[in-house]
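Q: Which chain is which? The protein sequence lines are A and B, in order.
Counting in my numbering, the first sequence runs from 1 upward without gaps.
Counting in my numbering, the second sequence runs from 1001 upward without gaps.
Quick caveat, the hints were computed from the structure, so don't treat them as lab data.
Hints are not guaranteed to be accurate.
Simulated restraints on C-beta separations [what the hints assert, rightly or not]:
#1 B/E1134 <-> A/R65: 27 to 33 Å
#2 B/K1117 <-> A/M9: 20 to 26 Å
#3 B/E1079 <-> A/I53: 22 to 28 Å
#4 A/K213 <-> B/D1230: 54 to 60 Å
DSSO-like mimics (lysine-lysine), calculated; alpha carbons at most 30 Å apart, straight line [stated by the list, open to error]:
#5 B/K1163 <-> B/K1008
#6 A/K137 <-> B/K1078
#7 A/K44 <-> B/K1017
#8 A/K214 <-> B/K1118
#9 B/K1125 <-> A/K214
#10 B/K1082 <-> A/K114
#11 B/K1298 <-> B/K1311
A short, non-exhaustive set of chain B residues, derived as facing chain A with CB atoms under 10 Å [to be verified]:
#12 Q1025
#13 I1189
#14 K1191
#15 F1193
Note that CB positions come from ideal geometry on N, CA and C, so glycine has one too.
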Amino acid sequence: MFNETTIRMLQDGLVETLYMTLISVCMGYLLGLPMGVILTITDKKGIRPNAVIYKILDVFSNIVRSIPFIILVVLLIPFTRLIIGKSYGSTATIVPLVIAATPFIGRMVESSLKEVDQGVIEAAQSMGASTWTIIRKVLLVEARTPLLVGATIAVGTILGYSAMAGAVGGGGLGDIAIRYGYYRYQTDIMIVTIVLLVVLVQLLQGFGMFLSKKLDRRNTK
Amino acid sequence: MRPMIQIKNVSKSFPSKAGKVDALQNISIDMEQGDIFGIIGMSGAGKSTLVRCINFLERPTEGTVLIDGKDLQTISNKELRKTRQEIAMIFQHFNLLMQRTVIDNICFPLEIAGVRKKKARERAKELLKIVGLEHKENAYPAQLSGGQKQRVAIARAIANNPKILLCDEATSALDPETTNAILNLLKDINKRFGITIVVITHEMKVIQKICNKVAILSGGTLAETGLVKDIFTEPKTEEAKRLVYQGTETTAYMRGKHFVRIVFNEQSSFEPVISNMILSFQTPINIMGADTHNIGGKAIGEMILQLPEEKEIADKMIAYLINRKLAVEEVDIHV
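When you get a sec, could you build the whole thing from the sequences and use the hints?
A: See below:
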């Protein structure tokens, strides 16, 4: 049905999508995880309440999250060019992806960590645990199930974003779908890219949920 | 000897929308090393706030707390954390780490104290033996019953050989049988290791069973404090009376006048006082309720009597009972 060039192109697109998604998720967590932790502990009911820091992060995350991703990509073109040297292609797309992913992941981490029982945190404090110990050994460990579920959702969302960036030359499967499916009316190629995207999301989702269940000890029988 | 815990003029208020709420007002209590000190009161009396002032999970708004002579108000945060390792705490809902095994839960305070992993595990195994859970080493908290979870929490609490153990409603989520077992364990730990124990509860039964001293809180103030046997025999304040009678379930049905509550100790229970009184007055009385309590290892009997309506005879009867060295008190119960 497809010639070798088309198949090669789809293969490359798949690899590019994975590359963009995974690098962005990793870098998003590098920034978003500390952000979520800081949001959690500086909250009024947190272990180190600090209204100023909380508000700054709160407002920042709300601003970024209220900008539609496709607009964010365009808005960030000068910044992307400054860092990567060009504004198109998969590597360049990582820049807006990370910027969009960070507050998203930060919020996800925040809500996961807030699920940790206040009593367990109090118990750790009563043992003389420092803030850092509580973060490392209580919050992040006790919340690992919601954190993993959150990570699974984050991967899916960022994969979707990466495909959207295809509209402005972002590379990956989304780019192929737009170019062939929309501009050239080659529906068959578009459908193949969609199937690939669906399978990819399914696999990642399935793996994430499996892992989070496997590591959860709260319902161990 | 200086007290292990000295609570000095502690007040605590919380800001709220309707001004500030005074949770504690000018509380002073001394607790000696080796005490099992009960703090009892109705919900909202400030018990939980008070116990959190002892390890400074709540900072008093005024006053201070001295632990073995060390003033918590003046020490640095780092030193406070170090001191907290000597003031362990257990909770109503156990507060175990759900993602860690039993043995890793017990190792947690040891990790915080910087104990080597191998040594920590050895110590944890020793502690599991003390609380009788050797076979549950690798279980997760979700696999344990309430009583077992509290045993793990106790093992975890005493891991660093604390001087003090704070128990915040530690048996309130447990059934009566398990409650007894946990209370026995606490008593045993107090005896074996000389740990001063502070017990927060709303149940007089708990106080009677293990405490030697008690403080009664009411609306954020200290209503009464002293030896359990004294307060049980002769409660002075309204609040104390209400709590002491809590155990006598018949009180709810009493109507009418001339109720007296008498308390026997071991000596006075040899003579058949009530029978003799009825015989000598030739007047019947009504026994409304009777109970025996084990207070600090001594059997203490309690009885609620309804005396005849005629004031003259009733007064004589009261005099008769007092003469027999019983603690007698007219009670007026509208429950």
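Q: With reference to the structure, classify each hint as holding or not holding.
A: Hints, verified against the model:
Checking the proposed 27 to 33 Å range against B/E1134 and A/R65 shows it is violated: the Cβ atoms sit about 52 Å from each other. Between B/K1117 and A/M9 the CB atoms are about 53 Å apart, so this pair departs from the stated range of 20 to 26 Å. For the pair B/E1079 and A/I53, the beta carbons lie near 26 Å from each other, so the given range of 22 to 28 Å is met. Taken as a hint, the range 54 to 60 Å holds for the pair A/K213 and B/D1230, whose Cβ atoms sit roughly 57 Å apart.
At roughly 19 Å between alpha-carbon atoms, B/K1163 and B/K1008 fall within 30 Å of each other, so this suggested pair holds. Restraint check: the Cα-Cα separation between A/K137 and B/K1078 comes to about 18 Å, which is no more than 30 Å; the hinted pair holds. For the hint pairing A/K44 with B/K1017, the CA-to-CA distance comes to about 15 Å; that is within 30 Å, so the pair holds. A threshold of 30 Å between alpha carbons decides the hint, and for A/K214 with B/K1118 the separation of about 27 Å falls inside it, so the pair holds.
About 27 Å separates the Cα atoms of B/K1125 and A/K214, which keeps this hinted pair within 30 Å; it holds. For the hint pairing B/K1082 with A/K114, the CA-to-CA distance comes to about 27 Å; that is within 30 Å, so the pair holds. At roughly 34 Å between alpha-carbon atoms, B/K1298 and B/K1311 are farther apart than 30 Å, so this suggested pair is violated. With a least beta-carbon distance of about 24 Å to chain A, the hint placing B/Q1025 at the interface is violated under the 10 Å criterion.
Nearest Cβ of chain A to the Cβ of B/I1189: about 17 Å, over the 10 Å cut. The hint is violated. This hint is violated: B/K1191 has a C-beta 23 Å from the nearest C-beta of chain A, more than the 10 Å allowed. Contact between B/F1193 and chain A, as hinted, is not supported at the beta carbon level, the nearest pair being about 17 Å apart and thus beyond 10 Å.
Against the hints set out earlier in the document, violations occur for numbers 1, 2, 11, 12, 13, 14 and 15.
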